[in-house]
Amino acid sequence: MTATTERQAGQKSKTMTMVAAVNDALRIALERDDKVMLFGEDVGMGGVFRASDNLQTLYGEERVFNTPLSEAGIMGLAVGLGIAGEKPIAELQFAGFIYPALEQINAQMGRYRQRTQGNFPLSIVVRAPYGGGIHSPEMHADSPEGLVAAVPGVKIVIPSTPYDAKGLLLAAVDDPDPVFFFESIKLYRSVKGEVPEGHYTVPLGKARIAREGSDCTVLCYGGMVEVCLEAAAAAEGAGLSVEVVDLRSLVPLDLETIAASVQKTGRVVIVHEATRRMGFGAELSAIIAERYIEYLHAPIVRVTGWDAPYPPFTAAEHMYRPDAARVASGIRKVVEY
Amino acid sequence: MTAATLLPDPRLEGTLSVLAPDGSLLRPDLVPDDETLLSLYTGMRRARVFDDRAMVLQRQGKLGVYPCFGGMEATQVGAATALEHGDWVLPTYRGTALAMVRGMSLAHILLAWRGHPAGYQVDPELHILPFYIPIANQIPHTAGIALAEKRRGTGRVAMAFIGDGGTSEGDFHVGVNFAGAFGAPAIFVIENNGWAISTPTSVQTAAKNLASRAEGYGMPGVRVDGNDVLAMYHVTREAAERARRGEGPTLIEAITYRILPHTSSDDPGRYREETEAQAWKSGRDPGKRLRAYLESRGMWSEAQEQQVMQAMEAEIKAAMLLADQAPEILPEALLEHIYAEPLPEMLEQLEEIRALGALE
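Quick note, the sequences are listed as chains P and B, same order.
For what it's worth, the numbering used here labels the leading residue of the first sequence as 1, then goes sequentially.
For what it's worth, the numbering used here labels the leading residue of the second sequence as 1001, then goes sequentially.
Don't read these hints as lab results, they were simulated from the structure.
Don't take each hint at face value.
What the hints assert, rightly or not - Derived SDA-like pairs: lysine to any residue, alpha-carbon spacing no greater than 25 Å straight-line:
| no. | chain 1 | residue 1 | chain 2 | residue 2 |
| --- | --- | --- | --- | --- |
| 1 | P | Lys35 | P | Asp174 |
| 2 | P | Lys206 | B | Leu1347 |
| 3 | P | Lys35 | B | Glu1247 |
| 4 | B | Lys1288 | B | Leu1030 |
| 5 | P | Lys206 | B | Met1346 |
Please build the complete structure, drawing on both the sequences and the hints.
Right, dumping it as structure tokens:
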């Protein structure tokens, strides 16, 4: 199995950071469809991470604008615009600010299609910078993807490369359902990659084999992919062949790719920044146990944030957020069982 | 109690009235044309007959929990009649009269309160959204819909209803503030009926005047006698015209009274004396008020009254027959319309449900 690529032959590319790739995708989305509107706290001036840099200048204050400071309002506004047939791209300034918006997400965004029996589908993208690793203040490093994954009716995408960030974001904009697009804050400027110019999409629900291997499977996404790749490279030195699966989208989930990898290696490590209890790894563990337990040679190991809040005292965050050493330890545990 | 002995209610202080509770005319300048007068009256009568009948149907086991609105029909019928085709209405669960005026069929309404999926398939052309069960969630949506219409320059407005209790929710503040900040063509109607289930407005908030909150949002706030359909029609029409002129949203506080239980499942005897409710029921009934005025002008007769009532009874009967013919609910209904295309796991769950059915 090889990494998926939807890039067209002959398409020119540029080396860019992930935040630049997000910006490029937003620009193309605004250019392609007049119904696309971009808004959130400080989005007009480019946003606190500069993801919407220059877009208000290009597309005007009617389409790219600041909202009052309320996440519930931003989500509710997106639902209203969606009801009226617009294509909102709403930004939550930090994923850790999602909590006041959960009612609009769960009671409204995820239910509107069913409540109207398909007559008012909502094509909404919600972008949210998530995760830690940059010593940000309290509530600025949360990973709430598991909370959102518990909401029927919404999808969840989490890219780990600039190429995927642009292609998945453009696919999310085209998607007929509400899509949450979590962007790793740590990766915004720390990774660079080749990104094709112009429009392309990476389909939702297709995982990417970030590294092939045969001794154990590491399931991860977003900001943890580079950490897992580092651990896998180190394990190679110890003679272990580790397969790293970048899930890219949690809902829909690529069960086929997970199944193929688990059946090949029989050993699974799941890695994410969120708490272990009810983190997305809990769902992955249950799915693998329910479907593929006969292929397993060892109990599943989860390498995750602890069952505690992301530390408000950020000088301690390196002990909370999984790093390559902890992932390597998880790999040893599952391989040596 | 007759209208003559009706005591003033402090809740109504500072509200606009066009008709006094006994139907005498206070504001000749605010009386709409004859056609509108008759449509307001028949709209109220039809709504009240439906509401009475729905409570009976619920007791007979033919509807699920039903949130009755009887006695408050002027607020809803007046506001909905004031809008144009193409304007949006976001009702609360108590908004059945709004839906009726906006043209939602009775069969559809019955199916909705019966909990049948067909009752949820709202016609997008009517621009009436489903009855909002979660409190105040519709308020930010109204800001969004109104902003979309403003951006397109359609001249359409979006109107949301909310109860007095609902104004305590964060989403009320958030949504009204968003609409104000965007100058969106929105109308927010607080249907202040004095009660949030068992909690009176005096326990809900120290504010005596919910419309005065409008000042904090930079928009006009209007207090109106919600049992005076002509006043309700007038203030909503003014708010809509303001919105269409690009002057932004309006907050309307309609003072009415919940003379009935919260829903068919509620027993107000557990938490209130019925004297106040009785006074409103007998002395401030919105239908009687407009009928007295229409009769004083020779515009309404007992024969016409009987005709409307009988036509409505027949219409409800026909709607019940239609509702009874709604298709059997299949397990697919549980997993349809969650996403545009069901996820693979959902298809597996559907098979699971079907297998359970086969076991029975």
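Unmet hints by their number, sorted upward, for this structure: none
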